[in-house]
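Peer 1: For reference, the chains in residue letters:
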Amino acid sequence: MSDTESDFEATLSNADSAVAAFERDDRTFLSYVRHAVRNYPTLVPALVLIVSILVFGLIAPRFLSPAVLSLVLQQVTVIGIVAIAQTLIILTAGIDLSVGAILVVSTFVMGRLAVSSGVPLPLAIAAGMAIGTLMGAFNGFLVAKIKLPPFIVTLGTLSVFTALKLWYSGSESIRNADIEANAPSLLWFGEAAARPFGATITYGGIALILLAIVFWYILQHTAWGRHVYAIGDDPEAAALSGIKTDRTLISVYAVAGLICGFGAWVAIGRVGSISPISFEEINLATITAVVIGGTSLFGGRGSIPGSVLGALIVGVFTTGLSLAGVDDYWQMFAVGNLVLIAVALDQWLRRATQ
Amino acid sequence: MSAHENQVQPVLRARGLMKRYGTVVAMNGTDFDLYPNEVLGVIGDNGAGKTTLIRAISGATTPDHGIIELDGKEVHFNTPQDARNAGIETVYQNLALSPALSIADNMFLGREIRKSGILGSLFRKLDHKKMETFARDKLSELGLLTIQNINQTVETLSGGQRQGVAVARAAAFGSKVVIMDEPTAALGVKESRRVLELIQDVKSKGMPIVLISHNMPHIFEVCDRIHIHRLGRRLCTIDPKTISMSDAVAMMTGAMEPPTETMAT
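Sequences listed follow chains A and B, in order.
Residue 1 is where the first sequence starts when you use the working numbering, and the numbers rise one by one after that.
Residue 1 is where the second sequence starts when you use the working numbering, and the numbers rise one by one after that.
Same shape as in the complex, but just chain B:
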């Protein structure tokens, strides 16, 4: 993996990110690297600042200091829309779905397709049919859902199905990076398995993925590298094939020093 870091340009790279909420330091100069075609796990104790880091690279939070680069070019995200426009899609822990709207409406929320011609330009009419077809295709393509009605409201779906819609939305529109924040936290064994397979599917399409989770078996199963976050910054990145789960937990909680050769600062 160290060869990786020397030769290949990261898709997403952050240096020295700082974020302060009043007196609380949520990010204390953290770095971040995501390489092409990898699943990067992000683990850390509660309050380590994982969420703030993820919010920063997905545009939901603007860092006070530090730089974020996408494909080597510096970017500034002030809103989630900025990150989305740049090709970074995020599956938030709360899924960010609107329960009373349909599956198709949700997939296109904030990026609706208008009809062509005067209906679209003057009357701002949405192309419902086109959006429904696209949503149905994407959901079937991921083998996630047997669709009966794409106009069903999201509130009528089970937790696993909602997760599926959120993942499908991210996979369908992400062109550079897909970020998943605790995608299995609310799910049963079977649904978790489905999401893990989905992560592999998305990866096989050549999309790098950032996976934030407290579930160590899941992280160790699907990740190529693991970024350990501690006290508002990156402690180290490790290779799950050479470091055991218990050592990773020990590093994450401060019970063990990180291995020097993979120190990433």
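Chain A on its own, in the form it takes in the complex:
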């Protein structure tokens, strides 16, 4: 060491040189659990799902039948797909209150073009998904370039898109009979792909699982996915690390819009008709699923499989409780408690890391 080294550092050569050794926090059982949950964030929702299925199976044995379990999957198909979009946005420390409005506008673009205007179906579906992407990109532009808080942006665009939806639809539904007569393929995702053991697996349910796998892959194994996490974690650090944060943020909102547009097609099949007042609760339902799935509202941590599991947990609770003969409001009560527990767990994990 050089000769200007201060005296107070002279004893350093005797110091413990293990300063830079990585410490592992597996000293106690609790910190071991915390470590495991932090490294495998989908562990908790996966366990909760399994346990809740078993518990409801004990309370109402009918619950464990393939028919009922597949019904749960059908019920959460659209919420699950939109929850994937919501997850991408929440991972960037944002929130999207306009996903439901984007979804319904897209259903009407598809429906009006294919059913009323006789546009070829692929074109109508592409147009619906393009409009969804455009609406998402508009959110992203306001968030990234005008630097407005995502909550306010999407609260505003929720009203804007809802108004557009009511204007474009003329406040009228497109009936199932009309869709079947003019564009039956719009309903394809509602059809059963397989009926093993009395269960009904729809194409929509399969689409949800495939979409979840695709976005899990994108988040874990592409640079874009790592950037989504980095931006949610610390946007300043991400920008200094050379990530084009504005461009990435806009693309996240646009992709979320695209997923909502795809969800619109699935939703038409699931519901069978197109109504301007459908899916008004899906904004909060997707946030619920994402939070129960272990994704942090503060951004930077969470996963796509977690959100799908979160949606399934909500489905299991509502279906299970209703089979057990519990009133609707107690179902809401239970789901609300799940959200509170999930957020408290997230806080506990975050504290563990500081």
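By construction, these hints were calculated from the structure, which means they are not laboratory data.
Hints may contain errors.
[Said to hold, decoys possible] Calculated cross-link-like contacts (lysine-lysine; reagent style DSS-like; alpha-carbon spacing at most 30 Å): (1) B:176 <-> A:244; (2) A:244 <-> B:241; (3) A:244 <-> B:73.
[Unchecked claim] Listed next, the stretches of chain B that the computed footprint assigns to chain A, with coverage defined by at least 3 CB atoms under 8 Å from CB atoms of chain A: (4) 37 to 46; (5) 97 to 107; (6) 110 to 120; (7) 124 to 131.
Here a beta-carbon is modelled for each residue, glycine too, at the ideal position from N, C-alpha and C.
Go by the hints and put chain B onto chain A.
Peer 2: Using the frame of chain A, we list chain B on its own:
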């Protein structure tokens, strides 16, 4: 040192940099010179504009006026990525690490390696293994960390370890210049010592370093020349072997005039 300035071409040279934030003048026509194979200290009072100067040469801020030259060629940095592509790596005071991502992810943030073949080109798949190996090699090479798990998230590391990751990232990817902004500010005595040794290590690999610090003993220990910043511009550059620490502080705060023979304007 004055011979230095006449004969050798600076690696990084800036002239007349101006930056205004509203009515605040953060840089008022400052100059900057960094020569090959040296550690240049940058000192200055709070608000003197050191940070803006550093942000300008690392691409985080675009100056309103003035020129920056790298190896004699004029460069324009609009983003930190531009500076990085040109070979200038910066260790920011806040480290610019993403706590929830792993050490390997952090080292390659913004410059990820994709797998070769169709997996990489079509499916954009990252080559995690290659990046992990590289990160582990670089950290061991600098003797900085005894690695147990390169996939450990950065948030599980201590302050000194995080600093180590940030320095290793800069040293691994910097090809022309490494800039360190207050690398020891958040560290204990022992960790500071480690970072100072690290600076010597990086220097011995032939890389010039810019070191910004308020810690005078550290600056005087490792720097070959010291750039004193005052009121938004370079006041002078001094040789730490001929000027005392207290005189440097006096110049930096305006209590003393800079020595005329090293005036650098």
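Peer 1: Against the 30 Å threshold, does the CA-CA distance of residue 244 of chain A and residue 241 of chain B hold or violate the hint?
Peer 2: With Cα atoms ~43 Å apart, residue 244 of chain A and residue 241 of chain B exceed 30 Å; violated.
Peer 1: Per the coverage rule (Cβ-Cβ under 8 Å, at least three residues), is the segment 37 to 46 of chain B covered by chain A?
Peer 2: violated (count 0)
Peer 1: Tell me if chain A covers the segment 124 to 131 of chain B under the three-residue, 8 Å CB rule, please?
Peer 2: holds (count 4)
Peer 1: Would you check the hint for residue 244 of chain A and residue 73 of chain B, treating anything up to 30 Å between C-alpha atoms as holding?
Peer 2: 25 Å, holds
Peer 1: Counting residues of the segment 97 to 107 of chain B with a beta carbon closer than 8 Å to any beta carbon of chain A, are there 3 or more?
Peer 2: holds (count 7)
Peer 1: Does the alpha-carbon distance linking residue 176 of chain B and residue 244 of chain A stay inside the 30 Å limit?
Peer 2: It holds: about 23 Å lies between the C-alpha atoms, which stays within 30 Å.
Peer 1: Count the residues of the segment 110 to 120 of chain B whose Cβ falls closer than 8 Å to any Cβ of chain A, and tell me whether that reaches three.
Peer 2: Holds, because 4 residues of the segment 110 to 120 of chain B bring their Cβ atoms closer than 8 Å to Cβ atoms of chain A.
Hint compliance for this structure: hints 2 and 4 are not met, and every other hint is.
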